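> Given the sequences, and given the hints that come with them, work out the whole structure.
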Amino acid sequence: MNQIGRAVAVASVDDFMARTRRHLGASVVLLGSDFEMIAYSARSIEVSEDHAQSVVRQATDADTRTWIVDCGIAYATRPVRTPANRNTGSKARICLPVRHGGKTYGFLFVLPDDDASISDRELEEVMPLAAQAGALLAADASGNGHAAGVFADLLEGDPGRSSAAAEHLRASESVYDSEFTMLATDHSSIDRRSGITAVPMGPITAVFVAQRDSSSATLRSAVESYSAGGNVVGVGGTYSDLRDAGRSWRQARLCLDVIALEPSKGPVAYWDQLGVYRLAAVASAELIAEAVITPAVRALFEHRNRDLLVTAETFFDKGGDIAASTDALSIHRQTLYYRLRRIQELTTLDLSIGQDRLELHVGLSLGRLVGAPGTVNPS
Numbered sequence: 001m002n003q004i005g006r007a008v009a010v011a012s013v014d015d016f017m018a019r020t021r022r023h024l025g026a027s028v029v030l031l032g033s034d035f036e037m038i039a040y041s042a043r044s045i046e047v048s049e050d051h052a053q054s055v056v057r058q059a060t061d062a063d064t065r066t067w068i069v070d071c072g073i074a075y076a077t078r079p080v081r082t083p084a085n086r087n088t089g090s091k092a093r094i095c096l097p098v099r100h101g102g103k104t105y106g107f108l109f110v111l112p113d114d115d116a117s118i119s120d121r122e123l124e125e126v127m128p129l130a131a132q133a134g135a136l137l138a139a140d141a142s143g144n145g146h147a148a149g150v151f152a153d154l155l156e157g158d159p160g161r162s163s164a165a166a167e168h169l170r171a172s173e174s175v176y177d178s179e180f181t182m183l184a185t186d187h188s189s190i191d192r193r194s195g196i197t198a199v200p201m202g203p204i205t206a207v208f209v210a211q212r213d214s215s216s217a218t219l220r221s222a223v224e225s226y227s228a229g230g231n232v233v234g235v236g237g238t239y240s241d242l243r244d245a246g247r248s249w250r251q252a253r254l255c256l257d258v259i260a261l262e263p264s265k266g267p268v269a270y271w272d273q274l275g276v277y278r279l280a281a282v283a284s285a286e287l288i289a290e291a292v293i294t295p296a297v298r299a300l301f302e303h304r305n306r307d308l309l310v311t312a313e314t315f316f317d318k319g320g321d322i323a324a325s326t327d328a329l330s331i332h333r334q335t336l337y338y339r340l341r342r343i344q345e346l347t348t349l350d351l352s353i354g355q356d357r358l359e360l361h362v363g364l365s366l367g368r369l370v371g372a373p374g375t376v377n378p379s
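Position 163 of the sequence shown, counted from 1, bears residue number 163 in the UniProt record's numbering, the numbering being contiguous throughout.
Simulated from the structure, these hints should not be mistaken for lab results. Keep in mind the model is a prediction, meaning the values are calculated, not measured. Where is the CB? At the ideal position from N, CA and C, for every residue including glycine. Check each hint, because a few of them may be wrong.
With beta-carbon atoms standing in for the labels, derived distance ranges [unchecked claim]:
| hint | residue 1 | residue 2 | range |
| --- | --- | --- | --- |
| 1 | D350 | V310 | 18 to 28 angstroms |
| 2 | E173 | S330 | 54 to 64 angstroms |
| 3 | T88 | R306 | 45 to 55 angstroms |
| 4 | T88 | R220 | 27 to 37 angstroms |
| 5 | P159 | R357 | 37 to 47 angstroms |
| 6 | A217 | L261 | 52 to 62 angstroms |
| 7 | A323 | V175 | 46 to 56 angstroms |
| 8 | E286 | G160 | 22 to 32 angstroms |
| 9 | K103 | R43 | 40 to 50 angstroms |
| 10 | D356 | R306 | 20 to 30 angstroms |
| 11 | E124 | A171 | 54 to 64 angstroms |
| 12 | A328 | T88 | 14 to 24 angstroms |
| 13 | A323 | E173 | 18 to 28 angstroms |
Encoded structure:
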């Protein structure tokens with residue numbers, strides 16, 4: 001047997017991927033048992049993460065997934081060559097099971113263009129490494145509960161617990177010394193790629209994305225992955241001190257709240273692009289509501305004629321442009337003028353005065369976000 005079987009222990013999943021790629025002379029993709037991508041290692045720069053993701057999408061297509069599972073990969077202990085299937089459009093594939101303790105924790109796929117030149121012997125020589133990788137994934141799975149607790153303290157604990165969690169994470173792995181960005185998403189899958197930590201936080205998922213270079217490629221890839229299929233993603237600010245993770249997390253969650261109120265701002269919303277909505281992050285919802293829901297704003301929120309509220313919001317969204325507002329509302333120009341007069345009478349504000357326009361515009365924009373009368377606070 002080739003010396004690879006007796007080589008030094010696999011240090012990490014990335015190490016396993018790199019050594020397997022070198023031994024097989026092929027690009028490889030590692031999927032978890034849920035068929036979500038964990039890692040990939042490319043033989044050449046022509047094989048991008050986008051290409052790897054395309055392989056994942058093909059492998060997770062319902063028909064293709066059923067076909068390759070029916071070929072026995074779920075319980076296989078040796079490499080499996082799955083034949084092509086014209087009915088499903090599935091290509092022939094090579095799959096190595098990644099197992100530990102009698103359980104399958106993942107599947108290593110050789111990218112299709114590289115399959116033909118790999119011998120059965122070469123595949124068998126990689127299996128000892130796959131077994132070590134299986135042990136790493138098993139350890140990762142058993143530690144998920146602890147990791148979730150640590151991240152809950154980091155993101156939502158009191159200052160003492162948050163600081164202690166930050167120290168614990170920095171001591172455990174160097175990735176937590178990098179610049180990072182927090183994501184909040186309704187996507188339930190857990191991404192286990194290097195530099196990414198994802199843990200469930202109630203009904204949503206918190207995703208820590210380390211940015212170890214200036215290209216932001218890891219962040220873009222994570223956002224694309226989590227927003228696939230129409231899932232919503234909030235992207236917090238980027239920080240270098242792990243003690244700011246809670247701040248980035250709150251920003252990401254606020255982005256989700258904004259998408260819930262204004263779906264047109266999704267499926268991905270960035271804190272850096274949130275505009276006036278960022279004010280909702282500086283204090284509690286109660287304090288924000290007390291500040292922005294003035295008697296004039298409250299009168300419009302509580303009025304029985306909802307057309308007036310919609311008209312005011314549309315008028316401001318269109319920058320006070322009469323033609324654009326009438327088009328958006330599908331009403332006649334005279335109807336718009338009538339409604340604007342009624343809004344001024346109801347609120348006692350003069351929309352020709354900048355200060356009055358600002359009061360109403362900010363009140364309506366932030367009022368919905370913090371639970372104004374007649375609305376539901378998304379958080």
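> Using the beta carbons of A323 and V175, state whether their distance is inside 46 to 56 angstroms or not.
Since A323 and V175 have Cβ atoms about 53 angstroms apart, the given range 46 to 56 angstroms holds.
> A range of 22 to 32 angstroms was offered for this pair. Does it hold for the Cβ distance of E286 and G160?
holds, 25 angstroms
> Assuming the hint says 45 to 55 angstroms, is it satisfied by the Cβ distance from T88 to R306 or not?
holds, 50 angstroms
> Range first: 54 to 64 angstroms. Now tell me if the beta carbons of E173 and S330 are that far apart.
holds, 56 angstroms
> That 18 to 28 angstroms hint for A323 and E173 (C-beta), does it hold up?
violated, 57 angstroms
> Just tell me: holds or violated, for the beta carbon distance of D350 and V310 against 18 to 28 angstroms?
holds, 21 angstroms
> In this structure, is the beta-carbon distance linking E124 and A171 contained in 54 to 64 angstroms?
violated, 39 angstroms
> A range of 27 to 37 angstroms was offered for this pair. Does it hold for the Cβ distance of T88 and R220?
Given a distance of about 31 angstroms, which is inside 27 to 37 angstroms, the answer is holds.
> Quick one: are K103 and R43 within 40 to 50 angstroms, going by C-beta?
With a Cβ separation near 30 angstroms, K103 and R43 fall outside 40 to 50 angstroms, so the hint is violated.
> Between P159 and R357, does the C-beta distance stay in 37 to 47 angstroms?
holds, 40 angstroms
> Range hint 20 to 30 angstroms: satisfied by the CB atoms of D356 and R306?
holds, 22 angstroms
> Cβ-Cβ distance between A328 and T88: within 14 to 24 angstroms?
Cβ of A328 to Cβ of T88: about 45 angstroms, so the range 14 to 24 angstroms is violated.
Of the numbered hints listed earlier, those contradicted by the structure are 6, 9, 11, 12, 13.
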